[in-house]
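Visitor: When we follow this note's numbering, the leftmost residue of the sequence shown carries the number 21, and every step to the right adds one.
It should be emphasised that the hints constitute simulated quantities derived from the structure, not laboratory data. On a predicted model such as this, the values are computed, not experimentally measured, just so you know. Be careful, since some hints might not be right.
What the hints assert, rightly or not - With a straight-line Cα cutoff of 20 Å, these simulated PhoX-like cross-link-like pairs (lysine-lysine) come out:
| # | residue 1 | residue 2 |
| --- | --- | --- |
| 1 | Lys253 | Lys183 |
| 2 | Lys279 | Lys253 |
| 3 | Lys279 | Lys183 |
Claimed, not checked - So the derived label-pair ranges between C-beta atoms look like this:
| # | residue 1 | residue 2 | range |
| --- | --- | --- | --- |
| 4 | Asp286 | Ser86 | 48 to 54 Å |
| 5 | Arg39 | Glu262 | 31 to 37 Å |
| 6 | Gln113 | Met266 | 37 to 43 Å |
Where is the CB? At the ideal position from N, CA and C, for every residue including glycine.
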Amino acid sequence: MEEIVNTDLGSYLRQMRERVRPEQMGLRTSNSRRVPGLRREEVAALAGVSQTYYTRLEQSQTAHASPQVLLSIARALDLSLDEQDYLLKIGTQVQNPQRQTPRDDQLNPSTRMLMSSLGNVAAAVLNYRCDILAWNALYHQLYAPHLEFGLPEDADRRPNIIKMNFLDDNVRALYADWAAESESNVTYLRFIAGNHRHDPRLAELIGELTIQSAEFAALWCRQRVANCVEGTKLFDHPVVGEVELMYQSADLQDGNILKFYHAEPDSPHEVALRLLTVDLDSVHRR
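Full structure from sequences and hints, please.
Guide: This is the structure:
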């Protein structure tokens with residue numbers, strides 16, 4: 021099988037090296053230091069590899085390294101667990117990239133039943149590119165009531181979470197702290213891209229966002245990585261006002277991802293969600 025050359029590793033190592041302050045790693049500094057972050061020879065020494073070998077990795081002259089070497093470099097660069105995981109994904113050879121991509125974007129019957137049974141929880145099913153394959157009525161009302169409810173059923177027009185957050189003014193306005201939300205989206209997309217770095221449709225999405233959004237392009241170039249699977253988001257909803265929701269993600273057996281938002285029980289935020297439900301019920305009765 022022809023070897024797939026990895027072009028991401030070098031630029032990622034360089035970005036991570038430049039962000040680490042020498043004093044973080046117990047190294048002495050001086051006013052004569054002319055490079056941001058660590059020097060290549062310092063990373064090599066901390067990782068226990070030769071300077072020549074590390075330089076070849078950073079300059080993309082060597083496409084892959086062993087997991088042991090990459091873990092040593094991750095420690096030298098003080099990477100987080102998510103960043104370490106990403107480094108392992110992009111730094112090791114993909115044996116069969118076709119096996120990484122789900123065969124289709126169809127939902128199985130059990131997933132559809134689950135979606136319809138979630139009452140006071142806003143839920144959506146995403147594929148790995150963050151296309152919305154399905155959403156329940158509450159998620160639609162919370163997140164995108166300006167779009168047709170049946171839009172996720174149309175494979176050519178279905179919404180994409182990342183694109184909406186950067187290119188849809190209605191969605192951008194939902195977040196009390198859009199800057200934090202945008203960074204979270206990009207770090208998550210790069211984390212996902214580590215598993216699918218040879219997928220042309222994902223590359224097309226990244227290219228489209230880079231062209232259409234200078235904000236996305238700037239964040240993407242930073243190469244920050246984080247697997248954002250749970251947390252809290254503060255919405256400024258045009259109907260119910262401020263609502264703070266907890267979110268979680270779950271991997272489904274079909275390769276897709278279930279995202280759901282819920283409020284703290286007996287809180288004003290749960291009341292706000294219920295108001296959206298009441299509004300939905302009134303619409304359906306008309």
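Visitor: Please flag the earlier hints that this structure goes against, numbers listed from lowest up.
Guide: Violated hints: none; all satisfied.
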